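Colleague: Protein chains in written order, with our numbering: chain W, 57 to 765; chain Z, 57 to 765.
Do not rely on the hints blindly, as some may be mistaken.
No copy is singled out in the list; a pair is fine if it fits within one copy or between any two copies.
What the hints assert, rightly or not - Listed next, the in silico DSSO-like pairs over lysine-lysine satisfying Cα-Cα at most 27 Å (straight line):
1. Lys-391 <-> Lys-700
2. Lys-409 <-> Lys-144
3. Lys-700 <-> Lys-522
4. Lys-597 <-> Lys-522
5. Lys-391 <-> Lys-569
6. Lys-144 <-> Lys-408
7. Lys-569 <-> Lys-597
Worth flagging that the hints you see were computed from the coordinates, not collected in a lab. Just so we're clear, the structure is a prediction, and the values are computed from it rather than from any experiment.
As a plain string of letters, each chain reads:
2 protein chains.
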Amino acid sequence: MQKDFPLPDRCAGLRALLEPAAIALIGASDDPARIGGRPLRYMLEAGFAGRIYPVNPNRDMVQGLKAYPSIRDIPEPVDCAIIAVPAKIVIATIEDCAAAGTKSAIIFSSGFAEIGGDGEAMQAQLSDIAARTGIRILGPNCLGILSFGPRFFATFSSTGDAGYAEPGPLAIISQSGAYGTHLYAVARSWGLGVSHIITTGNECDVDVAECIGWAAEADEVKAIAAYAEGIKDGPALIRSLELARASNKPVIFMKVGRSEEGAAAAASHTASIAGADEIYDAVFAQYGAHRADTTEEMLDIAYACTAGIYPSGNRIGLITISGGVGVQMADHANKLGLNVAPMPGQAQEELKKVLPFAAPRNPVDATAQVFNDLTLLGQNFSIMLDEGGYDVVVGFFTVVAASPYIVEPLLKELDELRERFPDRLIFLSLIGPPEIVARYRDAGYLTFEDPCRAIAAASALVGFGKSFAGTRPSVPDAAGPLKALPAHALSEWDSREILAGAGIPVVEARLVKSGGEAAEATASFDCPVAMKINGAGIAHKTEIGGVELNVATPEGAGQLYDELQTRVTKQAPDARPDGVIVAPMIGGGIETILGVQVDPVFGPAVMFGLGGVFVEVFEDVSFRLAPFDHEEALAMIGETRGAKLLRGVRGRPSADMDALANALVALSRFAAAHGDALASVDLNPFLVLGEGQGCLALDCLVVPGGVED
Amino acid sequence: MQKDFPLPDRCAGLRALLEPAAIALIGASDDPARIGGRPLRYMLEAGFAGRIYPVNPNRDMVQGLKAYPSIRDIPEPVDCAIIAVPAKIVIATIEDCAAAGTKSAIIFSSGFAEIGGDGEAMQAQLSDIAARTGIRILGPNCLGILSFGPRFFATFSSTGDAGYAEPGPLAIISQSGAYGTHLYAVARSWGLGVSHIITTGNECDVDVAECIGWAAEADEVKAIAAYAEGIKDGPALIRSLELARASNKPVIFMKVGRSEEGAAAAASHTASIAGADEIYDAVFAQYGAHRADTTEEMLDIAYACTAGIYPSGNRIGLITISGGVGVQMADHANKLGLNVAPMPGQAQEELKKVLPFAAPRNPVDATAQVFNDLTLLGQNFSIMLDEGGYDVVVGFFTVVAASPYIVEPLLKELDELRERFPDRLIFLSLIGPPEIVARYRDAGYLTFEDPCRAIAAASALVGFGKSFAGTRPSVPDAAGPLKALPAHALSEWDSREILAGAGIPVVEARLVKSGGEAAEATASFDCPVAMKINGAGIAHKTEIGGVELNVATPEGAGQLYDELQTRVTKQAPDARPDGVIVAPMIGGGIETILGVQVDPVFGPAVMFGLGGVFVEVFEDVSFRLAPFDHEEALAMIGETRGAKLLRGVRGRPSADMDALANALVALSRFAAAHGDALASVDLNPFLVLGEGQGCLALDCLVVPGGVED
C-alpha cells in the first residue's frame, strides 16, 4: 500500500508542483480561450510571480512570451510542466520532461483510466515513469491547481473568468475538478477566502492524501476541505491526517459513495478500490477529521474555522431574543451532542436581577426588551461566559441587531466582551445588509443567518478541539512478539488458544477426545455445559448438528460425544472433526459481537456491535483501525445505538464497559500485530457481564490470511 | 378540546381579523417610532386600502388622520381594532370594542400568561370575553399581522423598516413574533414572496391551528409555513391540516421542543400543555404536513413549492457534469428515501449514442463535454424525462451554466423541455450572478446553489404529492356500537374479552377457577401452557410470582393453580385474584408491542414498536392518531427501524405484516370509539407470526379512563 520511491525526493517534487518558481506550459496556445491558452492568460492577467516558459514548436511567441520548441530547449530545468496535449502524446511528453530534469507535471489531458482499456494501460505507464524517474505527476484528467497567493493558476477551469479573489485560509483538495471548483465558487460567493484549489483527477501519482499532508505543513493554510470518492493509499491518508492534527489544522472531508446507489455510481465513475465506506467513518473518527455530507456543511465549518478557536469542552450557552428560537436551538444542540448545561443557580439569580423578565436557565431568553438598554445584553453575555463557563455561545439577534439604532452601542458591548474572553467561540445569528454583518465579523464574531447552522458548525469545531487537545497516550504497541499464525484453516479450539494467548477473555473450556473425557469435563464444571464439535474449517457447527446446549449430566455428555461425531460426519462428510469442546453454560449478560476485518485500503479494522438481530438486521456496528487505546475503544462502543443497552438505562444494570473496552484493545493489538497474515476474526457471541464481572467470548474463529473461509 | 362558540360567526370574525376593510388603532401615537405609532406609519406609507380610525382621547389628529376619543365614537363598527395600550387597561378596552360591535382585535400588549399569576388571570378574562361576545382576539403579547396584498401592516415589528416587499405565495403563521419575522427576513433576502405574517403570541383565542385553516382557503396563499411550541386544540389543527390537504396546499411545520432540553425551554417559555412531541410526528405524517427542523429547510421547501408541482411518485433522475457530485447526489437522495432508479436499458443505449463518454445509468454523468454542444444536453434531459419517466430531475451544472457563452443556447434547450414536460419537477443546481440565475427561474426551473438542498426539497414535495394524491379510503369509522367500558379497573381476562370482541386477535385461553379446571384446560390444549393469575388491578404479575411458563402436564397445572394463589396472596396481600388464565405456549414469531395512549391535546393515539429492549431501551416506536386505515397502519409500521426485522432481511422469513396492520386498525377503531372513556391499552407481547399465519396478543390490559393504573 505504500509508495516505494524514497520519500524525501518525492516531497521535494510535491513542493515543486505546488510552489513552483519556474514553469513550462507544453501545448501553449496563443488563443486565450483554448485549454492550452487559458493557464497562460490567467497567470499573465493575475501576475504570477514565477518564470513562465511556453512550449510550442510552431510559434516563436505565445501570448507575448517567447516560446520554445520543446521542454529541452528551455534554459533551466523547470519546477512544473503543465501539459495540455492530446492523450496519445502525453507519455512521450512526460518522458521528455523527466529527461530535462522537470520536477513535476500537471496533466490536463483525459483519455486514461477513466475510459478503461488502452487508457488504463497508458495511465499505468505514467505511474511507472513517476516511480522510476522521480517526477511528480498530478492527474491525468484533472483541472490542475489554483494557488491564490503566488497566483499560480495552472488550470483551464473557467473559474478564473470570474476574477481572481484574494487568498484566504482554506485549502480545497479534490479528486473531482468540477466539485473542487464548485466548492470554490460557493466559498467565493460567501466571501470565504481560499488559498489553493488542488484537483487530483485520476491520481496516477500525486493523490488527495498526500496533498492534505502538504497543506498541513503549509503556513498559509489554516483549514483543509477535501473531497474523494475513494482513497487508494490508506496509510498515506492516515499520516496526513496525523500531520494536520499535529498542526491543529482541521480537515473537513467529503467522502462520497455512502449508499448502495452512490457506491455504484462511484464505481462506474472511478473504478477505484475504495475500501469499505464504514471504514472511512472509523478513520475520520479516529484521526479527528470531520466527515461532511453536503457542500454547505463543509463551508459552514470551514468558515467557522477562520476563528481559529477549537474548544476542548462541549458546553454550549444559548442567548436569544425569542423564546421559541431558544427552544429550537436547544433541540438542535442536543441532537448534535452538545451539552446545553443550565446556568449555575447563582448566575441565574444574577441574570434575573439584571433582566427580571428573562428566562435565565439556558437557553437564556433575554427577550427583545434588552434592546432598550444594550448594556444589559453585555452584562447578560458576560455572566454567561464568566459564571456559566460555556465553551461556545450562540446568540440569536436576527434583524434586530442590524437596526441602525442598535449597531453602534451593541458593537461597543461586544468589543469589550471579545477582549475579555478571547478564547471563547462566539456565534451571532443575525440578518442584515452585508456591510452591517461585516462589522460584527470584523469585531471577531462568527455570524450566521441561521442559528442552527451556527450550532452545527460549533459542534464540528468542538470535535476538532477534542481531537487537537488529545493528550491521549500514544496508540498502544501492537501485541508483543506473537507466534506467527499458521498458514492453514484453524479450528475453534486453536482460535481460542491463540486469542486467549493475546489477552482476549474466552470462556473456560476443555477439548475432549472421547465420551469418557466429555463426561469427566462436564462433571468438573459442575453445571450444565455446551458441547460443540471442533475441527479446522468447520464454520457452521449448528447447521450440521454439531452443537448441543444445556447438557445437564456427565452421562448425557458422554453419550452425546459420539452422537455429535455421527451427525457431523453424516451432514458434512468432508469435515475433519477434531474432538469436542465442552464449556459451561453462562447465563445473563449482554450478547455482543467483536470482529476483525482486513480492509484492502486501510488494513486491519476491529468491529463492534450488539449481537443477534442488532448486527444482522440493523447493521448497528462501529469500526476502528487497529491498534487503538482504551479511550478509543469506549468511543467506538459509544457510537453504536446499542451502547444504550450496555450503559444500563431504565433501571437495567450497566454492563462491564471497561472489560469490554480492554478486550477490544487486546483484539486491536492482536490484529495490528498480525496485519496481512490475518484474514478475519469473529467473536460471536461475546458476552458482556455486569459491572466488575468481566466479559468473555463464547465462540471464536480466527481465519489466517490466504485461507479460504 | 373544541371551542364552544358556534363556528360560523367565529369564521366571520377571523376573516374580519385577516381581511379587514375598516380598522381602529387604539393607543394611536403621533410618534411614528412608538408602538402605537408604527402600525399607522407603516400602513400610511405603504398605502393600506381600508379605512383607518386612530383612537386617542388626547389628540384631534394623529399622523395626519382625524383621531377619535374612544372606539365608541368611530362612525362605523370596525372589522379590527389594533390595541396598543398598557396591559392593565386592555380588558376594559376589549370590552369597549365588543360593545361597539368590533369584530376582532389584535393585542400587542404583554404582561399576560407569560408572566404567570395575575397575568394569567387577566388572559383567562380575555378568553372569556372572546367566547361570550364573539369578538375574535389575536394575542396578547404578539407582533400582530402583516398582510402584503392589501398592505395591512398591523404590527410594531421593525421588519417594516426595511421596506414593503411585493406579496408572494407563502403564508407565515407563527406563535413567536420574533421567529415569524425572522423567517420573513430570510425569505425576503432570498427573494421569496410572502402573503402574510400572522403572529399569534399567547393565543387567548385565535391560534395557529385556526389560521392555517383560514390560509388553506385563502386564494392568494399557495403554501403555509407554521411555527409552534405546542398546540392546545388538537382537533382544530387536524381540521386545518385536512383543509390544506384538500386544497393541495403544502404545510411546512416547525414544532420545537423535541429534546428534553428543548422541551424544558419550551415549558418555561409558554407553560402550555403541548402534548407529547412524538404525537406531533404522528399527526404530521398522518395529515400530510412536513415537519421541518431548521429555517433553511422550511424555506427551501417553501421555495420549491412555488413551482406548484407535487409528484405522486418518488423516482428521481440525476444529471451531472461531475461524476463525483453525481455520487454525492445519489447518496443524499437515497438517504431521504427517494428512488434513484436506473435508466431503462434501451434508454441507456440511446444516451450512449448521443454522449459516448457519458455514464448513462443514473446519475447520468454527461461530463463537461456536453457544453461543447448544448443540444446534446437537451437530448440527454429529454431521454431521461421521456424514457426514464422520472418524477423529479435534478441537474448539476454549477458555474458552467452561468458562463456567458452558455446561458442563451442552454435556455433555448430548457425552454423547449419545460414546454414538453410541464408536470415534472425539475431543479437546476447552479451558481452565478443573481440576474443570470433569475433567467433560469423565469424559464420555469427551480434553482438551488447546492444540489443536496434541491434533493431535500424534492423529497418533501414528493411527500406532499403522495398526500395530495391520496385516493385512500376515508378513515374507517370507529368500531360499531360497543359496550361502554366499565368505570373500574379490569382484569387481564376482562381486557382480553373486550379486545377480542373488538376484532383484535388474542391467544386462545381459558379462565379457570380451580386446580381441576386448570388440569382439564391444560389437557385440552395438548401442549405446554402458560398459567397467569387473573384479577382486576394486578398489573405486575411476574414480579409477584403470578406467572408460570412451560407447564407441561395437566397434573402440574392442577398443583400450580393453588400455588399461584398462595404466592400472590403472600406477595401482594391487597390483590384480589379471580382465577387463573391458562393459555398454550406459542413458539416462534416476532414480539412486538401495541398500545393506546390518550394524548391530552390530540386524544387517543395507537403506538407500535418491536418488543423487549427495542421499545424499552431504543424507544423505537411510532404513533398514529386513532382511527386509521390499513395503508396508514403499514406506514406506521414502516417508520420504525424494527420494520426491517418484520420484512425479513438477510434470509429471514418475513412476518405477517397484513395481519399486524389489521390488528392495528382494529385497535385504532376501538380506541377512537371509546375516546376519553379509555386511559390506555397495552398488548405486550403481541406476537407476529410468519406470512399468512397471523398475529396475536399474548398479554393485554385495558385501563378505562379515570381508573388508577
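Colleague: Against the structure, test the hints numbered earlier, and report the numbers of the ones violated in rising order.
Modeller: As far as the earlier hints go, 4 and 5 are violated by this structure, in ascending order.
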